[in-house]
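Each chain, letter by letter, is given below.
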Amino acid sequence: MARRCCKSGHWKERFETSAMMGTFLASTPLLKEAWRLCSAANAMGCGAFVVEQVGGVGYVAFSGVQEMPVLGWDPSCTMLAPLDAAGHGLFAALTRRYEGEEPVMVHSGVLHRFHHYQSRNDLQSQIDSLLDKTKSIVITGHSIGGSVAFLTALSVLSFLKSIFPPSVLCIGFGSPFLGNESLSRAILRERWASNFCNVVATHDILPRLSLDQSLVQTPHWKALIRFWYTSMMSPNSMNLTDFPLTEEDKAWLFSFAVANMERLAQVGEGSRWRSFWPLGNYLFCSEEGMICLDNAISVKKMMHLMLRTSSPSCVIEEHLKYGWYVERLSLQSLGRRFKEGHLSESSYEASLSMALNSLGTSQQVLIALMAKDCLKMARQKERHPNLNAAYLAIKLSKIAPYRAEIEWYKACCDNSDKQRGYYDSFKQRGASKRESHINKNRIILKAFWDGVVSMMDRNELPLNFHKSLEWVIEESQLYKLLVEPLDIAEYYRSGMHLKKGHYISNGRERRYEIFNQWWTERVVIEKLGNRRTRYTSLTQDTCFWARVEEAKEWLDKIKSESDPNNLVFLRDRLNEFEAYAMKLFDGKEASADVLAKNSSFSLWLKEWRALKSQIYPLIELALPD
Amino acid sequence: MDIDTGSCGRELGIKDEVIKKACSISIRAHQAPAEKPFLVDKIRGSPSQVVIAFSGAWTSDAWSTRDGTAKAFGETEVNLNSFPSLRSIGNDITAKVNEASMNQFLQIMEKSALRSEMDKATRDSKPIIFAGHSSGGPIAIYATIWLLEEYKRLKKTLTHGPFCLTFGSPLTTDRIFCHAVRREEWSDRFVHFVMIHDIVPRILLAPLSSTKEFLEQSLPYLISPSAHHKADSIDKSKLTALFDNVMRNASCVASHAACILMGSTNMLLDTMTKFVQLSPYRPCGQYVFCTGTGRLVVVKNPDAVFQLLFYSLQLVSESESQQKAVASLPAHLAYEDGLDKNLDMRNAIHLENLCELPLSSDNTMDIATKTIVDTLNDLNLSARARLCLRAAGESEKQKEDNQKKIERKMGMIRNALDDLEGYRTMCETRGMGYFDAFKVQKHEDDFKANVKRLELAGIWDEIIEMLKRDELPDKYEAEKSWVKLGTEFRQLVEPLDVANYYRHLKNEDTGPYMTKGRPRRYKYTQRWREHAEQLPRGSCGESCFWADVEELNLAVTSNQPRNEQMALNVANKLKEWHAKGEVKKDAFLKETALVTWWKTLPDNHGAKLCIKDLIES
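Top line first, the protein sequences correspond to chains A and B.
Using the working numbering, the first residue of the first sequence is number 69, and each one after it goes up by one.
Using the working numbering, the first residue of the second sequence is number 43, and each one after it goes up by one.
Okay, chain A solo, but in the shape it has when bound (with noise of 0.2 Å):
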């Protein structure tokens, strides 16, 4: 019995959850639902939609078949457009742009329908009463169809996002790819990506071609698409017989979308090219059953893989064969499920190759291997964020005793008789032990601080975490409020100034600016309105001292500075920064080590005064009038 023990390490790789993902998708009787109003609105015909409610669920079902005629005649419209050119606001929550990235994209033809679908009365008013009667809205669509419900289940998000949490699910059947990576990742941060599953058959092309010039524009697309439609709106009537097209079409559209699926498929994280990318859930389904993806490079190694299995015969009817697909999965759910052969007695192993059997792949030895390491690689990709995310918490608590420290050493110095705070009995430190253990300290919780922001760059990090671990960004917060001032010691200290310039605009390091970020845009649940009674313990700028340090350089210059505008200059800026610093005690926004009798910003303040009076005479006298 021994040699069935359990091998040992984290008991969650021990199986392999896209096959029972699936299994629990397909005897959910949302597919079904949802199909059923995706082929009433396609037999409706073109640009038609279908509403309707189904016990507590509201349904809005977009038709396949629709009319994209920017692609058509217009060749210097290119395939992608940027999601909020003419976007109004709709998508706010996704057009924000981080450092570095590319801005949010989308397939201009889809974009152009859905404004069309905008202006369009009916369809509001009809989501509007949908979402007074029910809590819970499907929105779905087959093919394009399946892409215009996409960009409008995003506005329905953004747009409810601000009143209630929305139940909104987004079910596209074979559709096209609908925006680059920016979108994709702009849908994870606002975790929304489980809200959008896509329906993809193996060996369906339509999913795994890019919309372009290229393709829309040849005799054999607009044949394909001509039949399609024709099929959608009569789908008792297909005849595959009055099919106009050749074999040698079907092989050219076929060795068409291999090479576009190859092109994508290699396209790696973060380049940035403006190539489509996978979003949200694929349900991949073939005869023997269902699994689910959610990693994007996965899904698109698994798309490419699959149709690798199929052939040009399958470029027509795969894409028309959805119901027949949803039915048959709804019925196996219910039953054994395949041949089981001779099994693994890894569990690991065993459900493993459950999902391959699911993908219909199993006599396909080579590209069972292959997909074999792409469900692998999804797991892999999975778990890390997670897992870091948990390590992250347990390591904070290890280096919470390190900030500690730097706490105890800020109220010692509010309390020492020299009376001069933390920020210049740091700046102006001997050959302290003290202060040299709170150096070393500093270095810590920079290295803690710099590894999370670069496991963030990295993408290592799960990408809602600013909403998942919302009390790493309350620690951020607490960490930056108080060690900050000592960088900026640091810095002035060993004259780093001098080299670079001051720290506000040349000094100061991207994980403040990142965390200044992250704090601005946390969910604020509640704001006290009263105003603070005492000094706070930390001041809320942490740039304050920069600023001083900038104010500092100001006076001296202002001492021998005899031409009147830039004595003007200096006047002025003086005066701002302590009306800046006036204001911010008066909210009691600082904490009480600002004010301290010697601190570096006192004696700059009494020295201002007492040199106001002389300046501005001096200036009076200076200038013309």
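Because the hints were derived from the structure by calculation, they are not lab data.
All values reported here derive from a predicted model rather than from experimental measurement.
Hints should not be assumed to be uniformly reliable.
[Unchecked claim] The list that follows gives simulated cross-link-like pairs (lysine-lysine, BS3-like), each with its CA atoms no further than 30 Å apart:
(1) B:Lys548 <-> A:Lys229
(2) A:Lys100 <-> A:Lys201
(3) B:Lys84 <-> B:Lys194
(4) A:Lys466 <-> B:Lys451
(5) B:Lys484 <-> A:Lys656
(6) A:Lys203 <-> B:Lys113
(7) B:Lys617 <-> B:Lys654
(8) B:Lys510 <-> B:Lys194
(9) B:Lys446 <-> A:Lys449
(10) B:Lys441 <-> B:Lys517
(11) B:Lys510 <-> B:Lys447
(12) B:Lys447 <-> A:Lys463
(13) B:Lys254 <-> A:Lys201
Once you have looked at the hints, place chain B on chain A.
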């Protein structure tokens, strides 16, 4: 693997004869007139036992949903006054049950002689076996829990405690119910017999609206033999439709549970719950599955039982649907004969070590493995089903490993607490309460105490996080050693958290500590103690009265009207806690925040008088 083929009763701690008797009385109970909701019978022996069997009802007023707003599965929260244990403690979630069956039980309790029957048997130290077939099952479960709560309230040992036997009972209790019963270690007192082809145990996995007609119009006539209805009098196509519907829903909810057991982190699982109605009901207690081949399979792991309820009835081929549907009704009526036969065959097996179940049926070598393989085949289990059972086993094992992992940290917690205890003594020698000393943070020891506080917070937050994600064994929150350690930790360290909170004026950013800033690690540990010692909710605030004191002091300095009620409460409670030694005398030293506040009170104030002695001594 532990193979023990033999008497089923011996495995379960109940004699086979008792099971048979309970079953036959349960079936007879359906024939009793409506004003007699249960039958009582005695079984001789030492000690002799009392069987109380319920008939229950599938009647329309009991099972139908009251109005449009009712839940799809007719579930409702239990009344914590009658069933104080039925909740998860730290997470503070109340268990749910099927409302109609619970109402039947409450009616019986109120209107019948059940209460006096229970008292009589308890007085004579005769163990009671509550039993029920079909709709009688849920009532038997609630009656057993009711009596167990009574035993717990009176702190009586369970030597002659009640047992519960059900036969083909529908699922009517949720996940939290099961969690609570396992935590209280009552789980082994519930034994549910299920014929694997019986549809009724699965029927509440489908929404009530879809099964109502069958439950109200067909089933009652079948289970009461006096009406001479036969199973084949029911329309086959209707029955097949019902069967398909129930199995579809069972498949959906079982695969959803399996995804989670297997560790899927896909958020889609969450999203889907808003679009698909998933039954909240889960098995609770031990299950005995009776296979068509006369084997009795005992399963304890509730996740495994849940998967088995679906997979043991799964179709092998599509054409089988009608045949299984038709067979599913006689199976519900065959408990008496079936059990008689099966128990005599002495062919019971305990399905344990779930993570080592063989996946394939071939190349078996030793007898022990062969028995397991045969059992799995008798249960009609595909490889996928076996994987789900393994996942259930792995999940249970993982929870135990997690507990071992945190148990290794007990020493660290202990040491840090000792250090803080030393800190407290030292503050006292300085003539200061440690709350105030910590708040001022003047000495290096204060700082060191702060580091200890942070270390402890890290360890406890990890534990709380595990509880929230349901990653610890059900019994964890009732472990005496943890409740004790949690209480010590809370009493010693929470004052420091309060001090830190008000020292950094977090109240001005977020609000008062008690409502906005209290960490979960203290809320959870407080609930643990209150539950363990059966104290009223919120009564163990001995660790956080400082927060109230701070708020009272703030009100004084900002010239707000005094909150008289709060002042009196704090003073009265302090007296009580001090008497019990839970609040030490350092709180009453001369410059503490407490005394500062106390001095602001007028001399004739109730609160002032209340703790006058404590402060002045």
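Structure-based check of each hint:
1. Distance restraint check for Lys548 of chain B and Lys229 of chain A: the Cα-Cα separation of roughly 29 Å lies within the 30 Å cut-off, and the hinted pair is therefore satisfied.
2. For the hint linking Lys100 of chain A to Lys201 of chain A, the alpha-carbon distance of about 22 Å falls within 30 Å, and the restraint holds.
3. Under the criterion of a C-alpha separation no larger than 30 Å, the hint pairing Lys84 of chain B with Lys194 of chain B is consistent with the structure, at around 25 Å.
4. Taken as a hint, the Lys466 of chain A and Lys451 of chain B pair is honoured in the structure, with Cα atoms around 14 Å apart against an allowance of 30 Å.
5. The suggested pairing of Lys484 of chain B with Lys656 of chain A holds, with an alpha-carbon distance near 23 Å, which does not exceed 30 Å.
6. Proposed proximity of Lys203 of chain A and Lys113 of chain B is supported: the alpha carbons are some 15 Å apart, at most 30 Å.
7. Restraint check for Lys617 of chain B and Lys654 of chain B: the C-alpha separation of about 10 Å stays at or below 30 Å, so the hint holds.
8. At most 30 Å may separate the alpha-carbon atoms for a hinted pair to count; Lys510 of chain B and Lys194 of chain B meet this at roughly 26 Å.
9. With a CA separation close to 29 Å, the supplied pair Lys446 of chain B and Lys449 of chain A stays within the 30 Å bound.
10. With a C-alpha separation of about 11 Å, the suggested pairing of Lys441 of chain B with Lys517 of chain B holds against the 30 Å cut-off.
11. Straight-line distance between C-alpha atoms of Lys510 of chain B and Lys447 of chain B comes to about 17 Å, which keeps the hinted pair within the 30 Å bound.
12. Between Lys447 of chain B and Lys463 of chain A the alpha-carbon distance is near 17 Å, which keeps this suggested pair within the 30 Å criterion.
13. Using a Cα cut-off of 30 Å, the hinted pair Lys254 of chain B and Lys201 of chain A holds, with the two alpha carbons roughly 25 Å apart.
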